[in-house]
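Colleague: For reference, the chains in residue letters:
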Amino acid sequence: MVFSSIIFLFMYLPFVLLVYYIVPRKFRNLFLFIVNLIFYGWGEPVFVLLMLFSTAVDYTHGYFIDKYRDNKRKAKVFLISSVVINLSLLGFFKYAGFITNTLNVLPFVNLPVLTIPLPIGISFYTFQTMSYSIDVYRGDAPVQKNIITFGTYVALFPQLIAGPIVRYKDVAYQLDHRKETLDQVTHGVKLFMVGLGKKVLIANQMGAMWDAIRETGQANGVLGSWIGIAAYTFQIYFDFSGYSDMACGLGNMFGFEFLKNFNYPYISKTITEFWRRWHISLSTWFREYVYIPLGGNRKGVKRQIFNLLVVWFLTGFWHGAAYNFILWGLYYGIILIIEKFILMKWLEKLPSAVQHIYTLFIVMIGWTLFYFEDMGQLMSYLAGMFDFTQGIIGQEALSITISYLPLFIIAALASTPLGAKLYEKVKSGGFIWIPETAYCAVVLLLCTASLVNQSYNPFLYFRF
Amino acid sequence: MDNTKENKSILRFGPLVLFVGFIFTFCILFIIMPKSDYSSTEKRYLEQFPEFSFETLFSGEFTENFETYLADQFYGRNFWKGLNSYYNLYIGHNGADGVYNGKDGYLINVPVEEKNSKVQNNINTVVKFSKSIDVPVSVEIVPSTGYIMSDKLPVNHFNYNDDIYFNQIINACSTNNIEFIDLRERFKKSSSDGIQLYYKTDHHWTTQGAYEGYKQLCDKWGITPTSEEKFNIETYDDFYGTTYSTSGFWFTDPDKVQVWNNPDDTEKNITLEIVEGDTQQTYHNMYFFNHLEEDDKYPIFLDGNHPIEHITNTNVKTGNLLIIKDSFSHCFAPFAADNFNSITLVDLRYYKGSVSEIVKKGNFDKVLVLYGIDNFATDTDLAWLK
Chain A
1 MVFSSIIFLF MYLPFVLLVY YIVPRKFRNL FLFIVNLIFY GWGEPVFVLL MLFSTAVDYT
61 HGYFIDKYRD NKRKAKVFLI SSVVINLSLL GFFKYAGFIT NTLNVLPFVN LPVLTIPLPI
121 GISFYTFQTM SYSIDVYRGD APVQKNIITF GTYVALFPQL IAGPIVRYKD VAYQLDHRKE
181 TLDQVTHGVK LFMVGLGKKV LIANQMGAMW DAIRETGQAN GVLGSWIGIA AYTFQIYFDF
241 SGYSDMACGL GNMFGFEFLK NFNYPYISKT ITEFWRRWHI SLSTWFREYV YIPLGGNRKG
301 VKRQIFNLLV VWFLTGFWHG AAYNFILWGL YYGIILIIEK FILMKWLEKL PSAVQHIYTL
361 FIVMIGWTLF YFEDMGQLMS YLAGMFDFTQ GIIGQEALSI TISYLPLFII AALASTPLGA
421 KLYEKVKSGG FIWIPETAYC AVVLLLCTAS LVNQSYNPFL YFRF
Chain B
1 MDNTKENKSI LRFGPLVLFV GFIFTFCILF IIMPKSDYSS TEKRYLEQFP EFSFETLFSG
61 EFTENFETYL ADQFYGRNFW KGLNSYYNLY IGHNGADGVY NGKDGYLINV PVEEKNSKVQ
121 NNINTVVKFS KSIDVPVSVE IVPSTGYIMS DKLPVNHFNY NDDIYFNQII NACSTNNIEF
181 IDLRERFKKS SSDGIQLYYK TDHHWTTQGA YEGYKQLCDK WGITPTSEEK FNIETYDDFY
241 GTTYSTSGFW FTDPDKVQVW NNPDDTEKNI TLEIVEGDTQ QTYHNMYFFN HLEEDDKYPI
301 FLDGNHPIEH ITNTNVKTGN LLIIKDSFSH CFAPFAADNF NSITLVDLRY YKGSVSEIVK
361 KGNFDKVLVL YGIDNFATDT DLAWLK
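Chains as they are written, first to last, in our numbering: chain A, 1 to 464; chain B, 1 to 386.
Simulated from the structure, these hints should not be mistaken for lab results.
One or more hints might be untrue.
Said to hold, decoys possible - Going by beta-carbon spacing under 7 Å, a handful of chain B positions derived as facing chain A:
1. P15
2. I23
3. C27
4. L70
5. A71
6. W80
7. N84
8. I91
9. N94
10. F158
11. N161
For glycine and all other residues, C-beta sits at the position ideal for the given N, C-alpha and C.
Taking the hints into account, I'd like the entire structure generated from these sequences.
Modeller: In structure tokens form, the structure reads like this:
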């Protein structure tokens, strides 16, 4: 089930909210655990078993890691076993097909081609369950003795399918001791409305614009090609951050507080800054559970560069089992290394406009790598972005651009903190509820209209 | 929460009350309101509660159909569809759901893009078919509304490729001894003379447009068309066509639909046989006024879509015509019936048998392929022509 759907908004959510606040507090986790499974199983019921398996395995491992806390060696065995099982699940369901296809390229290798459907959100929840075992092992979080409560964490529907990746230690206390307040729920509603608007009213439209422009191919001209990838740049940001906002908002509605996942990434002046603002929960996860354990920057420059490349290879590969994602990850790894060791001191002296252009240029080329899985299509689109012989902008691309221009400008403005700054200025006034409520009304009306009409509404994370 | 100390008023829960009220209201309305089978405004059958079995559940079919069911049966669906369309229009798009919102209430289908065009395939099929029979074949294609009525289009629109498609067809016809009846010049001229050739809320040509097409055909075939003065023209209001239904621009004014009645054609001389599979029904008129009750009044002509229809006019002694067609022929055929004793209409979207068998048995003088260009450029059923 996805948030931006009628079934979620008008069936699942009313039911879950109603029952959640009726049942006594001690049953609330159990109730969430059950409805999480309905949420997850809708569309792909089989994978509920996988989720239950994952829950049971990690619960057991956490239990033994805690039990052998004083016996470092035994605890470590269970930790390694937990990580291996989680990575095997991810490896089997997500990467088996890719790996066999890759090996089949070698002479004398002829493995059967596997087509395993990818369980939705598996990349998110395996990372979460690994964080549990590691946090318990490190003593950063207490062991969870109640398997239902633990299951609630693993499959918590707000962040189940598209993040943010919630580390166990960040919610450990909330799982047992959260107190829902009306103010928190209201805040959640507002955040959810922001996210839904981002997804349905901006991302879906930018996605349709990108699809329309991409289809005309070379005839777009240089500017047309850049406008196309700019539309995709907006789509992926508003889609992904919209999902995160909805997740955090829903979390609030059930008394949880999740950490911020996006912080206006497109206003960054460097790529280093961009990655501090983009998908923060993923970068944090890799930093904490891969980069620092590998030694981070404490073992010399050579080792640091190696560590960065490992982390960025994995970051890329995490986004999908295809070469272009690895390429995309390494692309950022290399740029970050160059920034860190060479470019940063020069960049900082440049006018900020140049820094913004530099960053957006790198990011947009990055999204081109990210989008095209087919190398031929990728090269041909990249060529179109620099081939001035095809003219400035094709007729169709121009027509599409004009008809999406108002939304394109709205997307550009909404990528900056202008709105948030304005809100901060006026929110202390007594009448802030008027624009807030009006905003919610408009978003509800327009999103419902779009969903009822079954307009273009893609789910981008089925590869994650 | 961070803003609690600043705002203690109960009104701060406005967004919460609104949100909860909204989702619960529409949830309850969905559950208690009766479901409908058919949407008259959208002209389509609505999804019903999907069949449940473990098989459909595990294949994902049930959940997918259930979501369509929810969207189709959502309370106030017409309102939501209209809101979506007008929002899209005012946010800068030039239309909605593949229909341009043009000037003077014209709702015009967007052009068929060249990369999706099946014109070459379809004309090749016609050429191949013409070689397999020994009856002369003519092709008449109706230009698109957007091409002829370009002054009614929104300023920002895609190009209509009619000229490209017509040239493809002309090339194929001229090298293969097929007669092509080109309507473009006549339509441009008639349109600039103020004749309404196309509906505003439908993709079809009007009865008057069909009459222009008929006159062009008569010129080419050297036969005398029934003169305009001869007809009793009856006009009916409140016709909401297909582009109206798909676009959701509900505030657009309706069209009028005309029936051009030749007083000579009565139940004494006219027979219409409608063949559907093994069943056959016989009527003695070409107009079905029961469809005036509906929003879409176009089926008034020949009762809408059927696989095969035969029109016989005993006032005319000779002439046997086969028309391979889409729905553009429905308002055209009554004109042609005044010049042919017998007309057989075959619609390949519904008839999957062999047309050359019909030709063999039928003793036809002429075969006419008559399509609207949009259909001819997108149709996949012409492949059945053999």
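Colleague: Hints first: check each against the structure and report whether it holds.
Modeller: Comparing the hints with the structure gives:
no.	hint	in the structure
1	P15	holds, 4 Å
2	I23	holds, 5 Å
3	C27	holds, 4 Å
4	L70	holds, 5 Å
5	A71	holds, 5 Å
6	W80	holds, 4 Å
7	N84	holds, 4 Å
8	I91	holds, 6 Å
9	N94	holds, 6 Å
10	F158	holds, 6 Å
11	N161	violated, 12 Å
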